[in-house]
Amino acid sequence: MVEDDAAVREGLQLALRRQGHVVHTAESGERGIEVLVHQHPDIVVLDLMLPGMDGFETCRRMRVSGPIPIIMLTARSDDFDVVAGLEAGADDYVAKPVEPRVLDARIRAVLRRAVSERPAGGQPEPQERHGDLVIDRAGLEVTKGGAPVSLTPTELKLLLELSRTPGQVFSRQQILAAVWDHDYLGDSRLVDACVQRLRAKIEDVPAKPEHVQTVRGFGYRFGRS
Amino acid sequence: MKKLVVLVVVLLVSACGVKPTGVVPAGPAPTLRNPGSSGRGTDVTLYFVIDGRLAPVTRATGSTVGVENALSTLLAGPTTDEARDGYVTDLPVRSGPIILSPGPPAAITFSFPLKPITDVGINQLVCTAFAALAAQSSYAIDGTISLSGTDVQLPYQTCQAF
Amino acid sequence: MIRQVRSWLAGLRPRLVAAFAVIMILGATAAAGASYVSARTAILTGIQDQTMLKLRDQIVAYLPTVSLPPSQATLDAFATALKPSGALVVYHDLHSSSGMTVDEVPAELHQTVASSTNIQFQRVDNQGFPMFFVGIPVQTGSGTTSGIEVYAKASLDQQQAAIDDLARQAWLVSALALPFAVGVALLAARQVLRPVRALNTAADQLGRGRLDVRLRVKGSDELAQLVTTFNHTAAELQRTVGTLRAMEADARRFVADVSHELRTPLAAMNAVTDVLDEDAGQLPADTAVAARLVSAETKRLTRLVQDLIEISRFDAGRAELRREELDVAAAVSDSIAARGWEPGSEDSGLVSDLPPRITAALDRRRLDIVVANLVGNALRHGAPPVEVVLRAERGEVVLTVTDHGPGIPVEVLPRVFDRFAKADTARARSEGSGLGLSIARENARLHGGDIVAANTGTGARFELRLPREALFGEAR
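Chains as they are written, first to last, in the working numbering: chain A, 1 to 225; chain B, 1001 to 1162; chain C, 2001 to 2476.
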């Protein structure tokens, strides 16, 4: 957890520890990246308002180092911060003041994404081929033109959910429920931001997507109908 | 404003047409001066013509003047002063005896013909005669006289005051 | 139509026109009247003087031939002599006439002449025909009345006709002046009214909040002074309003800043309230009470600060609307269910009528805030059953929340949506922050809708109306 305010850091650490998590803390973005490198956590909880390197930049750098799930803490639930944080690569966000229960639930939801699909189901499913995109549901691997694509658990889960029934249209609320485990009030911008990141990785021309298509007014679908 | 309008309307209405008036005085009344009333019988009244109408001219004389003398004076014409004031006569300059026969009605006989004399001239004679009669306060009662000339007799003559 | 005419008549222009017209007509009438009067006098004096002078001259001419006292014959001769004037000659009881009779003489004139040494005249109206009578007494040389009176008359019919002609002309001139007067008046009125109209427009704009409106000062008359005063007033108003707005903005910014500053320590405290709650059972009794108190109040304070931040976001105009097509009934049900209220169940006291397939483009999160506030408010302050009813009306969705409690006190009703407006002043601290309804309404208005509150007689009713589509010109 990267949080500059000592009281918040200490309070959240206490609360999360009581939920059964092991928490490493850092008071700045630079320090956070150090901890990330040395401790290999399962998830990062990142405050956006940080002295020195801010949360967005920290988020981007952490993204570069690997597909680690990141949950942002937005001191202001201002829309600009949320959008900027999601564009920087965050998987989810929680607005301050944080309810420890909510944060715990979000953390567990993200971790489920990263973990649940990992144990191979047993039955060897054939690799799905969509153009030059190959999805291996069993091995949780995605290759594009033969080269492996590095996806965060959220991006991967989104791709798997969408590609399970190509051509079917999913509303953002449906996607939020399926991928993020969010309740009915989930922020649809999470979906939009994640779709943008996913397209950047799997589409030839992200501005003209072939795999993840927008259905105006409704949501998204995978492939052509 | 309202008062002004009312005033204007009243003025307009009252100013229209010919309105009746009360009795309005307009200058002094003419005066009757003859011996009968004033006791002064030394004036003679002669009728000359001015602007085409008959007008009396009073001359002061020293004594009472009879009809004959008055008519003789008339026939002599206006004096220079009277002529300068615009008095003329329609009568020819005549002389000769004039005879008055007291009537009634009074008759006056001239020693010249009357026919050539104009109506205005005759009127001059008649009025002057009446005035002279009135001055003597005895003869003018019936209002007519008769004139006789060498050629014609003119009965029932009255003084036409115009 | 009639009202328009009436209001136009009440305006400045017709008054100016009327005033001008009246003045013009008065002037024209006075001029025409004056010339009329003098002409009339001239006409009447002409005929009267002529009649009087002629008769007097005739009398003067004839008088030397008359001696007193006159006989009937003398009077007859006199009357005959005055024949051109048609005169009547009277001497006491005797009289003689060459025209008029003694009965025609007006009694008043007769009386006056009998006792006078002056010529007298009188105009009378003889059954619509004006007549002129002149009476001339004859005085003796000693200045006393002689008893001889001469009367004559003249008809003024022709004069009357001429005078009537004059009057007609005077009226005609006045009447012709009228359209001219009205024309001039309209012209003048426009000159005066143009700046007045400009002022009116400017004042109207000022009233609508355009405080930068100014007028060009033209000339130096009273209207120009008025315009100058207006400009000064507008400038002063703009300055004052600007100052007030700046102060208000400062105040709001202060609240926003305070709220933000409070959030970080609250975040820390909020993180550990669960710890306090969970471990309170193991603490000494007093400490446990204290711990629970701190925990509960921290949560309250957190809610209050969150609401303050939400409000200040509306104040700053930074609230963003994210519409998405949604089934309103489902969204409302979700909101209710998420708060743990169960419609239809006995103990919840909540009855809902939410027909499906009413869709609208709304902001899901903001709709949730509104629904939670309205229903929560009804459950807290009203009495069950609380009815939640959804209806579609033309371009709007209407959600009514009706309770069966005491209703909203009438003195609170007008400001029930004000910030920190509390229905029950005795209970100064309620569960809500006091901002719930304000926030609900701000959210409704952000959608282009509104919430109105009313008492049904058996409780309070809040009616939320939201347009089903994004409004034209709304920022997406």
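Just so you know, the hints here were simulated from the structure itself, not pulled from any lab data.
All of these numbers come straight from a predicted model, not from anything done at the bench.
Glycine included, C-beta positions come from ideal geometry on N, C-alpha and C.
Check the hints yourself; a few may be wrong.
The calculated BS3-like cross-link candidates involving lysine-lysine, where the alpha carbons are at most 27 angstroms apart (straight line), are [claimed, not checked]:
| id | chain 1 | residue 1 | chain 2 | residue 2 |
| --- | --- | --- | --- | --- |
| 1 | A | Lys208 | A | Lys144 |
| 2 | B | Lys1115 | C | Lys2083 |
| 3 | A | Lys201 | A | Lys144 |
| 4 | B | Lys1019 | C | Lys2218 |
| 5 | C | Lys2054 | C | Lys2083 |
Residues of chain A placed beyond 10 angstroms of chain C at every Cβ, according to the derived structure [said to hold, decoys possible]:
| id | residue |
| --- | --- |
| 6 | Arg31 |
| 7 | Thr165 |
| 8 | Ala207 |
| 9 | Gly217 |
Status of the hints after comparison with the structure:
1. A:Lys208 / A:Lys144: It holds: about 17 angstroms lies between the C-alpha atoms, which stays within 27 angstroms.
2. B:Lys1115 / C:Lys2083: holds, 25 angstroms
3. A:Lys201 / A:Lys144: holds, 9 angstroms
4. B:Lys1019 / C:Lys2218: Violated - the C-alpha atoms of lysine 2218 (chain C) and lysine 1019 (chain B) are around 57 angstroms apart, more than 27 angstroms.
5. C:Lys2054 / C:Lys2083: Between lysine 2054 (chain C) and lysine 2083 (chain C) the Cα gap is close to 12 angstroms, so the pair holds against 27 angstroms.
6. Arg31: The claim holds: arginine 31 (chain A) sits with its nearest Cβ about 19 angstroms from chain C, beyond 10 angstroms.
7. Thr165: Since the minimum Cβ distance to chain C is about 22 angstroms, threonine 165 (chain A) lies beyond 10 angstroms and the statement holds.
8. Ala207: holds, 20 angstroms
9. Gly217: Violated, because the least Cβ-Cβ distance between glycine 217 (chain A) and chain C comes to about 6 angstroms, which does not exceed 10 angstroms.
Hint check: violations occur at hints 4 and 9; the rest are consistent with the structure.
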